[in-house]
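In order, the protein sequence lines correspond to chains R and A. Just so we're aligned: 85 in the working numbering is position 85 of the first sequence, and the numbers increase by one with no gaps anywhere. All you need for the working numbering is the position in the second sequence, starting with 1, plus 280.
It is worth saying that the hints were derived from the structure and are not from the lab. Errors might be hidden in some of the hints.
Result set (DSS-like, lysine-lysine): computed pairs, CA atoms no more than 30 Å apart in a straight line [unchecked claim]:
1. A/Lys-533 <-> R/Lys-12
2. R/Lys-260 <-> R/Lys-247
3. A/Lys-475 <-> A/Lys-393
4. R/Lys-226 <-> R/Lys-260
5. R/Lys-88 <-> R/Lys-247
6. R/Lys-126 <-> A/Lys-295
7. R/Lys-133 <-> A/Lys-292
8. R/Lys-246 <-> A/Lys-292
9. R/Lys-15 <-> A/Lys-368
10. A/Lys-527 <-> R/Lys-15
11. R/Lys-126 <-> A/Lys-292
12. R/Lys-195 <-> A/Lys-475
13. R/Lys-12 <-> R/Lys-133
14. A/Lys-295 <-> R/Lys-246
15. A/Lys-533 <-> R/Lys-15
16. R/Lys-195 <-> R/Lys-133
17. R/Lys-246 <-> R/Lys-195
18. A/Lys-393 <-> R/Lys-12
Partner residues are not named here, just some residues of chain A that face chain R (Cβ under 8 Å, in silico) [unchecked claim]:
19. Val-290
20. Ile-294
21. Ser-431
22. Arg-433
23. Phe-436
24. Arg-450
25. Ser-538
Bear in mind the structure is a predicted one, so any value in this text is a computation, not a measurement. All C-beta atoms in this analysis are idealised placements derived from N, C-alpha and C, irrespective of residue type, glycine included.
2 protein chains.
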Amino acid sequence: MVYIYTFIEVDKNIKNDSLSDFMNEMTFIPHAFGYQCNNPGAVCSDRITGDFELICIVGGESRITIDSTLYICSAGDAVLIPPFTMHKIQTPASNPHENYWIHFDLNPFHMQKNFITAILGDTGNKLHPGLTKELLALYQLLENEYQCERSGRMHFVSSILVQIIIEVLRLKNSPSLTKNTIISMHPSEAEIVRKSLDFIQDNLLSPIVLANIANYLHISESYLFKSFSVIMQMPPNQFIQFVKMKKAEQLLKSTHHSIKEISEMLGFSSPYYFSNVYKK
Amino acid sequence: MVYIYTFIEVDKNIKNDSLSDFMNEMTFIPHAFGYQCNNPGAVCSDRITGDFELICIVGGESRITIDSTLYICSAGDAVLIPPFTMHKIQTPASNPHENYWIHFDLNPFHMQKNFITAILGDTGNKLHPGLTKELLALYQLLENEYQCERSGRMHFVSSILVQIIIEVLRLKNSPSLTKNTIISMHPSEAEIVRKSLDFIQDNLLSPIVLANIANYLHISESYLFKSFSVIMQMPPNQFIQFVKMKKAEQLLKSTHHSIKEISEMLGFSSPYYFSNVYKK
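Chain R extracted, bound-state conformation (with noise of 0.2 Å):
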């Protein structure tokens, strides 16, 4: 068999680079967006939710407080709210806030902490992105892609999401902050890991203490903390108590179950561990 062609290697004039790895680490899940204006002196009381908020203002003030720091701004500040954070969004009547929002998931749930680092680094939840005319543009994008309800748009927003946050991390000169954020991860550290994960989903309905898992997997506790703490960034207890929330939230959706009922059948410690649950 004799082909007779050309093979040609094509040049690649589009080459990796350390922002680019980085984002391709992550998958961006959108949930919702909208745009808020012409709403002086409206107020979110203390609340959480158990996505990400991505918060840009582009006019006006706003007053935003977040775990008891409050954060006065203005045209050109952006917040980042990870899950389950308290927070409260207030705007001055005389001088109401225009900004655009949007709600999301992270996936995988280990490089949930590396991108709060990269985007926030240590200046608390308040940025400032500034009013490139390359951020307006993708906003702009995202409402008309949000507005026109065609196939697609999911995966659409996702990638104006993705877009959004490159263009931030680049306005935060951060490719270097982003190279430090990754963690290494050692492979049976990992496999602790995804076992542990896999524990926790599979008995979500009982109360779950770290003994249970370190049996289940025959090693001791504190190789476990270390291990799942290293690679999830948060202690074992937290990350149990965050899957339970958003399972609890999750069974408040689809179930008429009471707060109280969930309470006890996710094996909640305290009784009080909701005070106050609306259901939309």
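The hints should help you fit chain A onto chain R, whose structure is shown.
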């Protein structure tokens, strides 16, 4: 411990859809991008590459021959050239084409055939998405992003490519098509293919025949052939050829071996397999 807050379950105003599900299955790795114009009488002779190439014609006339079929293309047409497909691109001196072209890889491999079917259906390699303002805006964004060589470029370009593909699939009105093209996999067949891929990867520098893999997996050749062909949408021998050519491409780039040496290293059955290889 008593928390005083409102637990908000975010109203998910962005819902999933079948085109998003389809796109979620794939990752696009852009290799090269360009805008060609003012090149009257240009010819790319018969050639193959290891990449996908998507060409979007925005002006003039393009004469593109793919696997012996000539497509006469004008503004609003596009062509998709799958990997390792012989093609030739010409444009008349009197009416030179203007086009955007992008070379990319698509992972995972078993989705390549699905992708080709979704984009092309059964109309050959040419399609007519038209020159909509959305598509042109995306190509202009792509040109701008490509030229400003900022960090995160590769991932940003990849996200624009995703958006272009969603637009093309929308214009083809193909959400129903994409549903039909998704191949369902049986877990044991998927496992056979996974192990076959590992075996092929590990033995790339030897001649590999079906019997080698079947013996390694302790299954019959016919079962291997069937499972592989169903999932990969390509018989194993064709796939092995494909991977070897990819490897050859890589070796040509990264080493100083001659074509004949590489042909021998990879155990190609015929020294005529590559008749003519250019190294850029």
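Verification of the hints:
For the proposed pair A/Lys-533 and R/Lys-12, the alpha carbon gap of about 11 Å is at most 30 Å, so the pair holds. Under the criterion of a C-alpha separation no larger than 30 Å, the hint pairing R/Lys-260 with R/Lys-247 is consistent with the structure, at around 14 Å. With a C-alpha separation of about 20 Å, the suggested pair A/Lys-475 and A/Lys-393 falls inside the 30 Å cut-off, and the hint holds. For the hint linking R/Lys-226 to R/Lys-260, the alpha-carbon distance of about 33 Å lies beyond 30 Å, and the restraint is violated.
Taking the CA atoms of R/Lys-88 and R/Lys-247, the gap is near 23 Å; set against the 30 Å cutoff, the hint holds. At roughly 29 Å between alpha-carbon atoms, R/Lys-126 and A/Lys-295 fall within 30 Å of each other, so this suggested pair holds. This hinted pair checks out: R/Lys-133 and A/Lys-292 have alpha carbons roughly 28 Å apart, not beyond 30 Å. For the hint linking R/Lys-246 to A/Lys-292, the alpha-carbon distance of about 14 Å falls within 30 Å, and the restraint holds.
The suggested pairing of R/Lys-15 with A/Lys-368 holds, with an alpha-carbon distance near 26 Å, which does not exceed 30 Å. In summary, the hint linking A/Lys-527 to R/Lys-15 is supported, as the alpha carbons are separated by about 19 Å, within the 30 Å threshold. With a C-alpha separation of about 25 Å, the suggested pair R/Lys-126 and A/Lys-292 falls inside the 30 Å cut-off, and the hint holds. A distance of roughly 23 Å separates the Cα atoms of R/Lys-195 and A/Lys-475; the hinted pair therefore holds under the 30 Å criterion.
Proximity of R/Lys-12 to R/Lys-133 is assessed by CA-CA distance (about 29 Å); at most 30 Å being required, the pair is judged to hold. Distance restraint check for A/Lys-295 and R/Lys-246: the Cα-Cα separation of roughly 18 Å lies within the 30 Å cut-off, and the hinted pair is therefore satisfied. This hinted pair checks out: A/Lys-533 and R/Lys-15 have alpha carbons roughly 15 Å apart, not beyond 30 Å. A distance of roughly 46 Å separates the Cα atoms of R/Lys-195 and R/Lys-133; the hinted pair therefore is violated under the 30 Å criterion.
A threshold of 30 Å between alpha carbons decides the hint, and for R/Lys-246 with R/Lys-195 the separation of about 19 Å falls inside it, so the pair holds. Taking the CA atoms of A/Lys-393 and R/Lys-12, the gap is near 23 Å; set against the 30 Å cutoff, the hint holds. Taking 8 Å as the C-beta contact cut-off toward chain R, the hint placing A/Val-290 at the interface holds, the least distance being around 5 Å. Of the supplied interface hints, the one on A/Ile-294 holds, with its beta-carbon coming within about 5 Å of a beta-carbon of chain R, less than 8 Å.
For A/Ser-431, the interface hint holds, since its Cβ comes within 8 Å of a Cβ in chain R; the closest pair sits about 4 Å apart. Of the supplied interface hints, the one on A/Arg-433 holds, with its beta-carbon coming within about 6 Å of a beta-carbon of chain R, less than 8 Å. Against a cut-off of 8 Å between C-beta atoms, the interface hint on A/Phe-436 holds, since the closest Cβ of chain R lies about 5 Å away. Restraint check, A/Arg-450 versus chain R: the minimum CB separation of about 6 Å is within 8 Å; hint holds.
Among the interface hints, the one on A/Ser-538 is violated; its C-beta lies about 14 Å from the nearest C-beta in chain R, farther than the 8 Å criterion.
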